[in-house]
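*Asks:* For the protein sequence lines, the chains are A and B, in the order given.
In my numbering, each residue carries its 1-based index in the first sequence increased by 42.
In my numbering, each residue carries its 1-based index in the second sequence increased by 1313.
Treat the hints with care, as some may be off.
With a straight-line Cα cutoff of 30 Å, these simulated DSS-like cross-link-like pairs (lysine-lysine) come out [claimed, not checked]:
hint, chain 1, residue 1, chain 2, residue 2
1, B, K1479, B, K1375
2, A, K420, A, K114
3, A, K293, B, K1371
4, A, K113, A, K426
5, B, K1357, A, K420
6, B, K1427, B, K1479
7, A, K114, B, K1357
8, A, K426, A, K293
9, B, K1371, B, K1479
One side only, chain B facing chain A, incomplete, derived with CB under 8 Å [what the hints assert, rightly or not]:
hint, residue
10, W1349
11, Q1351
12, D1353
13, T1385
14, N1444
15, K1445
16, F1448
17, Q1451
18, N1454
If the Cβ cut is set under 8 Å, some of the chain A residues that face chain B in the computed set are [to be verified]:
hint, residue
19, G73
20, P121
21, R122
22, E128
23, E129
24, G135
25, Q238
26, I241
Simulated from the structure, these hints should not be mistaken for laboratory data.
By construction, the Cβ of each residue, glycine as well, lies at the ideal position given by its N, Cα and C atoms.
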Amino acid sequence: MWEQIRSNQIRSVVLTIGMGALLILIGYLIGLYFFDNAAAGLIIAILVWAVLSLIGYFQGDNILLSMSRAKKIRRDDHPRLYNVVEEMKIASGLERMPDIYIIDDPALNAFATGRDPNRASVAITSGLLQKLNRDELQGVIAHEISHIKNRDVLLMAMCSILLGTIVILAWYGSRIMIFGSMTGSRRSSSSGGGGQGQIIILIVALAFMILAPIMAQLIYFAVSRKREYLADASAALYTRYPEGLASALEKLGASTGQLKSANKATAPMYIVNPFRKKGIKASDLSSTHPPISERIRILRAMAGASFADYDQAYRQMHQQGKGVIPATSLAAETVPIAATKLEGERGEPDQIQRARETSDVMWRLNNYTTITCDCGAKLRVPPKFKESTVQCPHCGRTHQV
Amino acid sequence: MLAVYIIIGIVVVLAIIFIATYNGLVRRRNQVQNAWAQIDVQLKRRYDLIPNLVETAKGYMKHERETLEAVTNARNLAQQVSSAGAGERAKAEGELSSALSRLLAVVENYPDLKANQNFLALQEELTSTENKISFSRQYYNDSVLRYNNQTQMFPSSIVASMTGFKPTEFFEVTLAAEREAPKVSFT
């Protein structure tokens, strides 16, 4: 299982180098066209990329978390969530407990972030927290923790920055080329090559600049989809219970809500694509995530909980020789699935209780004070409340704030 | 002259391989020790939780004195052997787990207890601790498997025997009841 991380890294590095080559080509063409000097273009391309990468590396997780308006919780805020994360931290052998965030959004989603396993966070929407029972929550958290453990988070962040740079350069480059060539004021033809050669370069450069972002995006999607399968396989291995994640994905797939705070660049970070529309099956090439229904079927077809079992289930699904897990990690060890557990195990809070619990947490995180009246009503006192007493609107008792 | 260089080259390469293998073994062994420490933390946590649980349950469960005593005794016994090896310890912990699940099975008959906020919080803590025990055991056994493989498989076995790395014991649970139900359900 540790070999697979390395082998996966190699594969991803190859794909990333492909994207890097695209970036260099774009820089080269820009340099050739605008400055008559390929090196100048390369320097510009690499500078833009380096600046974005540095920001992404050091501030990426903070930017992502604050963009999605996630709120950090402590153990007392939601003991069950904290415990489940800790359980998965132990199962995966992660050294440091990841920070836990809740996003106040009824949509169902979750993501992991952080540049290395010792500086990681997991975030989950309040909607998901209400919907999932303990086993399902465990499956989702295991999926996110395996993104951290497999170093997907950093790779995907760096990949998306590379993609972003390519898109930005191609966009500005092609616009300037089109408008520059129309007015004819740009490029005083110091090479003296004359009109025809220049037009050919222009056309080639333009075609490339339009194609490059698309190509980069396809590479990006390929990397991201592989990672999703691997994270599912790891989640099954950590929990020894693929059904937990499968049934969580089922709930995720049935919901239609789109996450308000997600955007295209951050989409691959989430457990399911935050933009999918109901009834539309994500096509193979143009999605950051494999179709949910397929992920569920693979998980349910697993005979054991090991990577080999996941790989076999995947192959059954696709009727083709190539599996999804690198061969080196398919050591023949049998890992049994844990005994079947019942939905809504006795002694566990049901969905209404979970909804109450989650809303209590959200009020508290927004600095509201909650007073429970003797009549059963809950009074939420806003942080700016000035009076020292408050009257229960339900039964008329007065409470000290 | 060339032969000397070749010999020096071979020696250097062998030394590098030796060092790399040795460091790999050390890393694996540390991982095993670390995983063992994790189990230890969780088992201690369970020792701490049980007196609270028994104390809370006592007030409600007038007719279950024996069940409660069995849990307390199993806990004390497990704590006594906590410095023993993995095999002996696993047995005592298995006894504790089954005593606990017997206690939790009768909780169902006491609706007042199930409505107690304090008990609910304890229940969540205990469920999670049981999970953490089984997950840390899982991780420990995985680590032991990889460590043992490396100490026994050629060529790293040569380095292992030269520098005194020995295979370690697994943390196997001997009780069938425990194996089937690693998860506590307060039924």
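*Asks:* Evaluate each hint against the coordinates.
*Replies:* Evaluated hints:
no.: 1; hint: B/K1479 / B/K1375; in the structure: violated (51 Å)
no.: 2; hint: A/K420 / A/K114; in the structure: holds (24 Å)
no.: 3; hint: A/K293 / B/K1371; in the structure: violated (40 Å)
no.: 4; hint: A/K113 / A/K426; in the structure: holds (20 Å)
no.: 5; hint: B/K1357 / A/K420; in the structure: violated (37 Å)
no.: 6; hint: B/K1427 / B/K1479; in the structure: violated (49 Å)
no.: 7; hint: A/K114 / B/K1357; in the structure: holds (28 Å)
no.: 8; hint: A/K426 / A/K293; in the structure: violated (38 Å)
no.: 9; hint: B/K1371 / B/K1479; in the structure: violated (47 Å)
no.: 10; hint: W1349; in the structure: violated (12 Å)
no.: 11; hint: Q1351; in the structure: holds (6 Å)
no.: 12; hint: D1353; in the structure: violated (12 Å)
no.: 13; hint: T1385; in the structure: violated (22 Å)
no.: 14; hint: N1444; in the structure: holds (5 Å)
no.: 15; hint: K1445; in the structure: holds (5 Å)
no.: 16; hint: F1448; in the structure: holds (4 Å)
no.: 17; hint: Q1451; in the structure: holds (6 Å)
no.: 18; hint: N1454; in the structure: violated (11 Å)
no.: 19; hint: G73; in the structure: violated (43 Å)
no.: 20; hint: P121; in the structure: holds (6 Å)
no.: 21; hint: R122; in the structure: holds (6 Å)
no.: 22; hint: E128; in the structure: holds (7 Å)
no.: 23; hint: E129; in the structure: holds (5 Å)
no.: 24; hint: G135; in the structure: holds (5 Å)
no.: 25; hint: Q238; in the structure: violated (59 Å)
no.: 26; hint: I241; in the structure: violated (58 Å)
Consistency note: the structure conflicts with the earlier hints numbered 1, 3, 5, 6, 8, 9, 10, 12, 13, 18, 19, 25, 26.
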